[in-house]
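Student: Residue numbers (the numbering used here), protein chains in the order written: chain U, 1 to 222; chain R, 1 to 222.
Some hints here could point you the wrong way.
[Stated by the list, open to error] Simulated crosslink set (PhoX-like; lysine-lysine; CA at most 20 Å straight-line):
{"#": "1", "chain 1": "R", "residue 1": "K152", "chain 2": "U", "residue 2": "K142"}
{"#": "2", "chain 1": "U", "residue 1": "K173", "chain 2": "U", "residue 2": "K210"}
{"#": "3", "chain 1": "U", "residue 1": "K43", "chain 2": "U", "residue 2": "K152"}
{"#": "4", "chain 1": "R", "residue 1": "K194", "chain 2": "U", "residue 2": "K156"}
{"#": "5", "chain 1": "R", "residue 1": "K43", "chain 2": "R", "residue 2": "K194"}
{"#": "6", "chain 1": "U", "residue 1": "K43", "chain 2": "U", "residue 2": "K4"}
{"#": "7", "chain 1": "R", "residue 1": "K156", "chain 2": "U", "residue 2": "K142"}
{"#": "8", "chain 1": "R", "residue 1": "K210", "chain 2": "R", "residue 2": "K194"}
{"#": "9", "chain 1": "U", "residue 1": "K152", "chain 2": "R", "residue 2": "K142"}
{"#": "10", "chain 1": "U", "residue 1": "K142", "chain 2": "R", "residue 2": "K210"}
[Said to hold, decoys possible] To spell it out: a stretch of chain R is covered by chain U in this simulated footprint if at least three of its residues, at any positions, have a beta carbon under 8 Å from a beta carbon of chain U; those stretches are:
{"#": "11", "stretch": "10-19"}
{"#": "12", "stretch": "68-79"}
{"#": "13", "stretch": "90-103"}
{"#": "14", "stretch": "159-170"}
No lab work stands behind these hints: they were computed from the structure.
Glycine included, each C-beta is placed from N, C-alpha and C at the ideal position.
Protein chains: 2
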Amino acid sequence: MVKKAVCVVSGGMDSALSMKIAQNSGYEVIGVHFNYRQLTEAKELECFRDLMTKLGVNNKYEVDLPFFSDIGASALTDSSISVPTSGLEDGVPVTYVPFRNGIFLSIAASIAEKEKAEAIFIGVVQEDSSGYPDCTEEYILKMQDAINQGTKFETKISIEMPLVHLSKAQIVKQSLEQGVPLELTWSCYKNSIKACGVCDSCRLRLGGFKQAKSIDPIEYEG
Amino acid sequence: MVKKAVCVVSGGMDSALSMKIAQNSGYEVIGVHFNYRQLTEAKELECFRDLMTKLGVNNKYEVDLPFFSDIGASALTDSSISVPTSGLEDGVPVTYVPFRNGIFLSIAASIAEKEKAEAIFIGVVQEDSSGYPDCTEEYILKMQDAINQGTKFETKISIEMPLVHLSKAQIVKQSLEQGVPLELTWSCYKNSIKACGVCDSCRLRLGGFKQAKSIDPIEYEG
């Protein structure tokens with residue numbers, strides 16, 4: 001029987017690699033994307049669709065979560081909070097969306113149980129990242145425990161996080177090796193035609209390409 | 001400082017009691033209700049609003065989760081699956097919605113972190129219930145662990161489940177003692193003017209009233 005994996009795909013580089021690793025490991029991929037009223041909602045959805053088409057994934061879920069604008073409390077979901085552009089600082093940044101990955105993983109688990117998938121792939125990165133509490137290995141393992149306890153006895157879901165201990169440079173290298181169409185990904189937190197190059201997400205991505213001695217195929221402002 | 005609790009309120013008897021216990025214990029209540037394309041969506045929302053008004057709760061979130069109809073896989077969210085009416089059977093019933101409470105608790109956690117609430121109240125019942133895996137104490141404790149690991153370091157959320165080991169008869173008695181307006185609650189799985197009296201949820205509720213030697217104030221068919 002074919003083994004199936006639900007892959008959480010934002011349209012960014014990390015989740016695209018995570019999904020490609022699932023595919024290259026022999027999983028039939030079910031792509032799940034979340035529209036959560038983030039600034040770059042339209043751009044990310046476009047990247048998700050392009051990635052699914054390019055990588056031949058037909059089974060996909062585009063999940064609308066309009067309530068995130070009622071919660072707000074993050075620069076990504078509340079337009080009154082500015083996206084920082086002067087470099088990563090200590091602590092949890094204002095781009096943190098309260099327990100976002102918990103919500104994403106719960107919905108992915110629901111879909112996995114329905115689809116009888118045995119794994120969920122998520123592209124969280126722990127060290128070389130923004131310091132979000134819902135992107136750590138400790139958290140993901142506890143969530144996996146909770147999911148297996150709170151679903152049917154016969155449902156056994158493994159949460160795979162193949163990028164969790166990679167540096168951004170290693171992510172760039174692996175993306176090239178595994179055949180991720182990086183030109184179709186979008187990491188920038190800002191809603192502009194070209195990536196801004198100065199938000200935390202752009203800085204991390206560009207730093208990764210620089211250390212990997214590689215050129216980012218997407219366009220940047222300025 | 002006032003202590004705040006996010007209360008998950010469906011509009012049914014159990015969650016109404018759970019919320020009233022929070023209120024009577026001195027918590028300022030934040031009511032959270034989910035519209036998840038369940039058969040009785042409109043009826044439950046009406047009960048939620050009436051309960052909030054009656055109990056003086058002003059801070060409330062009505063969360064729309066339209067994607068549940070894409071997941072389906074339950075008699076409550078897929079109109080092609082019939083609601084059973086011939087009595088509770090062994091195993092997980094077809095009214096189980098895959099990992100529903102996991103999704104509800106994750107969203108409640110996001111709201112709790114934003115609102116700086118220290119507790120989430122949920123009206124899960126373990127023994128005298130339908131046998132849903134996401135209604136057990138073991139599951140809720142693991143979810144609490146995951147939530148505290150996946151949110152900010154300073155966020156500490158306790159998940160309270162005051163009904164988890166109560167029988168339905170005890171729930172009816174406590175509801176009367178704590179002052180729950182039972183006439184404003186709705187437990188039936190079917191979308192009809194009066195409660196059907198024969199679905200699992202009606203049977204459990206009516207059994208509770210009978211054992212408690214009390215009369216259910218809501219109307220039933222037939």
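Student: Does K156(U) sit within 20 Å of K194(R), going by the straight-line distance between their CA atoms?
Tutor: Cα-Cα ~39 Å, so violated.
Student: Given the hint that K152(U) pairs with K142(R), test it: the Cα-Cα distance must not exceed 20 Å.
Tutor: Measuring from Cα to Cα gives roughly 15 Å; hence the hint holds.
Student: Next pair to validate is K173(U) with K210(U); report whether the Cα-Cα distance is within 20 Å.
Tutor: 11 Å, holds
Student: Taking 8 Å as the Cβ threshold, is the statement that the stretch 90-103 of chain R is covered by chain U upheld or broken by the three-residue rule?
Tutor: It holds: at least three residues are needed, and the stretch 90-103 of chain R offers 9 whose Cβ sits within less than 8 Å of chain U.
Student: Please verify whether K43(U) and K152(U) have alpha carbons no more than 20 Å apart.
Tutor: With Cα atoms ~36 Å apart, K43(U) and K152(U) exceed 20 Å; violated.
Student: Take the stretch 68-79 of chain R, compare each residue's beta carbon with every beta carbon of chain U, and decide whether three or more fall closer than 8 Å.
Tutor: holds (count 4)
Student: Between K152(R) and K142(U), does the CA-CA distance stay at or below 20 Å?
Tutor: Given pair K152(R), K142(U) holds - Cα atoms ~15 Å apart, limit 20 Å.
Student: Is K43(U) close enough to K4(U), meaning Cα to Cα at most 20 Å?
Tutor: 27 Å, violated
Student: Does the structure keep K142(U) and K210(R) at a Cα separation of 20 Å or less?
Tutor: 41 Å, violated
Student: Do the alpha carbons of K210(R) and K194(R) lie within 20 Å of each other, as the hint requires?
Tutor: Holds, at about 19 Å.
Student: Counting residues of the stretch 10-19 of chain R whose CB is closer than 8 Å to a CB in chain U, do you get three or more?
Tutor: Since three or more residues must qualify, the claim that chain U covers the stretch 10-19 of chain R is violated, with 0 doing so at under 8 Å.
Student: Can the restraint linking K43(R) and K194(R) be considered satisfied, given a maximum Cα separation of 20 Å?
Tutor: OK: K43(R) and K194(R) at ~11 Å, within 20 Å.
Hint compliance for this structure: hints 3, 4, 6, 10, 11, 14 are not met, and every other hint is.
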